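First to last, the sequence lines map onto chains A and B. Under this note's numbering, residues 1 to 351 are what the first sequence spells out, in order. Under this note's numbering, residues 352 to 522 are what the second sequence spells out, in order.
To be clear, the hints were calculated from the coordinates, so they are not data collected in a lab. Among these hints, one or two may not hold up.
[Stated by the list, open to error] Stretch by stretch, here's where chain A covers chain B in the computed footprint (C-beta under 8 Å, at least three residues): (1) 420-429; (2) 433-440; (3) 493-499.
[As the list claims (entries may be wrong)] With beta-carbon atoms standing in for the labels, derived distance ranges: (4) K349/A - K491/B: 37 to 45 Å; (5) A386/B - Q334/A: 44 to 52 Å; (6) K50/A - P422/B: 20 to 28 Å.
Keep in mind it's a predicted model, so treat the numbers as computed, not measured. The beta-carbon is built from N, C-alpha and C at its ideal position, and this holds for glycine as well.
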Amino acid sequence: MQLNDFLNHTSEWLKGTGPHSDIVISSRIRLARNLAKASFPHWADKLQGKVVLEAIEAAVKKNNYFKNTASFRLDDVDAVDKQFLVERHLMSMEHAQKSENKAVIIDTDEVIAIMVNEEDHLRIQVMQSGFNLFEAWGIINNIDDLLSKELSFAFLPEWGYLTACPTNAGTGMRGSVMLHLPALVMTRQINRVLAAIAKLSFATRGLYGEGTQASGNFFQISNQVALGHSEEEIIENINGLIRQIIEQENQARQALLSKNRALLEDRVNRSFGILKSAYIISSDETIELLSMVRLGCDLGIVNKCMDRRTINELFLITQPAHLQKIENKKLTSQERDVKRAELIRTKLKIQ
Amino acid sequence: MLCDICGKNPATVHLTEIVNEEMTELHLCETCAQAKSQQMEQQFGLSDLLAGMADFDKPVSGEETISSQCPNCKLTYTDFKKIGRLGCGECYTAFRKYLGPLLKRIHGSGEHAGKVPIKLAKTISRKKAGTEELRLKLQKAIETEAFEEAARIRDQIKELEKKQQDENAAE
């Protein structure tokens, strides 16, 4: 398997299927695990880091369950490819910063991604389309069990899985759900919702996780507390919160439809119009406009609607590294804006 | 809308800051937003926050008696306060007295209630992972008046407790 294979492939989380996929883009669970006695990546010397990397790769290779995965060592991955993996949510921005003894192990469906030597020795991730945390938990729980047969994880009965940062200790689990909330943003209710989320000690992030701002009405919501509750309880708590937000977004959508239909139709169709006719377009503007079109399609107020999968795909392939991979060369920001507009026009014409 | 900081360029980045439950909105141009986010990162790195918290967590007793260096990876507690990251799993044992209060402060609770690695499951008392979870299920079953289910769970708990007693006796 090569990285370029992913280009012609729809990531699991982009499929636009699964429960509540009009509002919930994807559900993801990650587990932080470390090998007992070994220094954490930031504290390990070169040799220790290498030993950990090789032990983890060997453990994965040994099990038939992982036969459709490949390990990419970041030393062999160039800058555009690293960015490409970040855009596909297969690794974090932090992981892309340095490459020594770091790797990412990915399966062909892009459901599983295991970052090796990120902040912890292992950051296992499972992604599912739509509102599906328990499904993701089932898969990742099994992966964790399989790996723990080969590897001894750092663990204390009272504090659970031990991690480089004490904020992750305990279950080492973070469940996050990516939401598309355009109606809450348009009706200016979003700040109230975000404040409530923060009060309940959940975190809100942007499209690309840690340290990114929300753009195009996309919000990633995840648990902060990892110790003191079982994995199932944590997921149930996130689910309860997400269900309420979905309900609020739905109410806001209906309110817009009944009270301000013309305004909504105007914004959606203008957005569609710009995407169909622009010759220069930035990544940010693309996300904003696609967000409106997605809303329009969900509510059935666009004449010739695209399916959700195509819209989701457009979000991804118009990102900087994806454009450069498609064109197979380095592009400046200005060149990308032209190519991006061209790509969008072509895709929308086919539809 | 113009940028709140330079007042020259159009604002394209919109930040919401929440401080003490007070929300402020900032509308910035790309250049100022980048400067601002770098500045914020410098000011509010998670490691700084943690280090700050760790500082307050003086151990309840025996200030000088616990080792301030991890015997396994040689990280000192001072290192941890500086970088906000521990050095290895053994650090948790070495700095146990300091980390207990810190973990409580972060997570609001001090005891792990989640899964246990398969390899250790046999050696670690399964009380937490086993009966407690079952007891919760039992409670739920009773609340929803699923009495047959409840009876089944009750028997499971009994069986598990008996097993644990036998195991303890064998040891």
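Comparing the hints with the structure gives:
no., hint, in the structure
1, 420-429, "holds (count 3)"
2, 433-440, "holds (count 7)"
3, 493-499, "violated (count 0)"
4, K349/A - K491/B: 37 to 45 Å, "violated (54 Å)"
5, A386/B - Q334/A: 44 to 52 Å, "violated (22 Å)"
6, K50/A - P422/B: 20 to 28 Å, "holds (23 Å)"
The structure fails hints 3, 4 and 5 (numbered hints given earlier, in ascending order).
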